[in-house]
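Take these sequences, add in the hints, and give me the full structure.
As given, the protein sequences belong to chains A and B, one line each in that order.
The first sequence finishes on residue 136 if you use my numbering, and the numbering steps up by one all the way, no holes.
The second sequence finishes on residue 126 if you use my numbering, and the numbering steps up by one all the way, no holes.
One or more of the hints may lead you astray.
Unchecked claim - Computed cross-link-like contacts, DSBU-like style, restricted to lysine-lysine with a CA-CA straight-line distance of at most 30 angstroms: (1) A:K79 to A:K35; (2) B:K19 to B:K85; (3) A:K79 to B:K85; (4) A:K79 to B:K19.
Hints were generated in silico from the structure; no laboratory data involved.
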Amino acid sequence: KAGVTQTPRYLIKTRGQQVTLSCSPISGHRSVSWYQQTPGQGLQFLFEYFSETQRNKGNFPGRFSGRQFSNSRSEMNVSTLELGDSALYLCASSPDSSQNSPLHFGNGTRLTVT
Amino acid sequence: DAKTTQPNSMESNEEEPVHLPCNHSTISGTDYIHWYRQLPSQGPEYVIHGLTSNVNNRMASLAIAEDRKSSTLILHRATLRDAAVYYCTPRRAGANNLFFGTGTRLTVIP
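Take a look at the structure:
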């Protein structure tokens with residue numbers, strides 16, 4: 023079974039631009055969640071989508087948004103990029119919300135904002 | 017949200033057991049305890065989870081204190097491939113929003 027795939031692997035953007043990151047979950051997984059990882063703040067939850075609906079949202083500004091398609095693939099968008107948005111963005115999928123279902127993470131998209 | 021506390025770093029000699037502690041004194045009665053590890057340049061990888069009883073799988077063992085305020089991840093024989101940052105995190109019912117602390121960076125010495 024293929025793992026979680028995130029594209030692109032690396033991205034360089036300029037302050038003020040917007041960016042879209044993509045995540046393909048493991049086949050059959052309906053939940054996709056997004057995390058931001060920075061050296062200063064560590065791993066922080068952004069939002070989760072389940073069957074195309076946003077179910078949970080972390081404490082991030084409205085510039086961060088996402089969506090999920092009917093095939094469970096997900097995208098996250100960051101508008102009006104700031105230098106502080108430079109981070110590793112990780113996507114994780116899970117078949118459901120059961121506490122017995124682990125999250126499967128991709129290897130992330132490294133975003134650099136200059 | 018339940019907070020977790022872990023030592024920033026630990027060292028182990030190769031092929032020796034490693035005990036990685038986690039304090040989660042504010043965990044709720046229904047939260048599961050999940051452990052993940054993150055190898056360099058990779059996303060976190062699931063290791064093990066449990067609720068009350070001790071758990072074993074092919075990667076590790078998890079010992080959960082009777083009062084559930086702490087747990088210990090046990091790697092029975094550390095290898096160089098086990099060098100990673102290890103995170104413990106409470107897992108709420110019906111939610112996939114995990115809260116990660118700073119984790120423990122494990123260094124394995126050959």
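For K79 of chain A and K85 of chain B, compute the direct alpha-carbon distance and say whether it is at most 30 angstroms.
This hinted pair holds, its Cα atoms lying about 27 angstroms apart.
Does K79 of chain A pair with K35 of chain A here, judged by a C-alpha cut-off of 30 angstroms?
holds (25 angstroms)
Satisfaction of hint between K85 of chain B and K19 of chain B, Cα-Cα up to 30 angstroms:
At roughly 11 angstroms apart (the allowed maximum being 30 angstroms), K85 of chain B and K19 of chain B satisfy the hint.
Check the hint pairing K79 of chain A with K19 of chain B against an upper bound of 30 angstroms on the C-alpha distance.
Roughly 18 angstroms between the alpha carbons, so the hint for K79 of chain A and K19 of chain B holds.
Against the hints set out earlier in the document, no violation occurs for any number.
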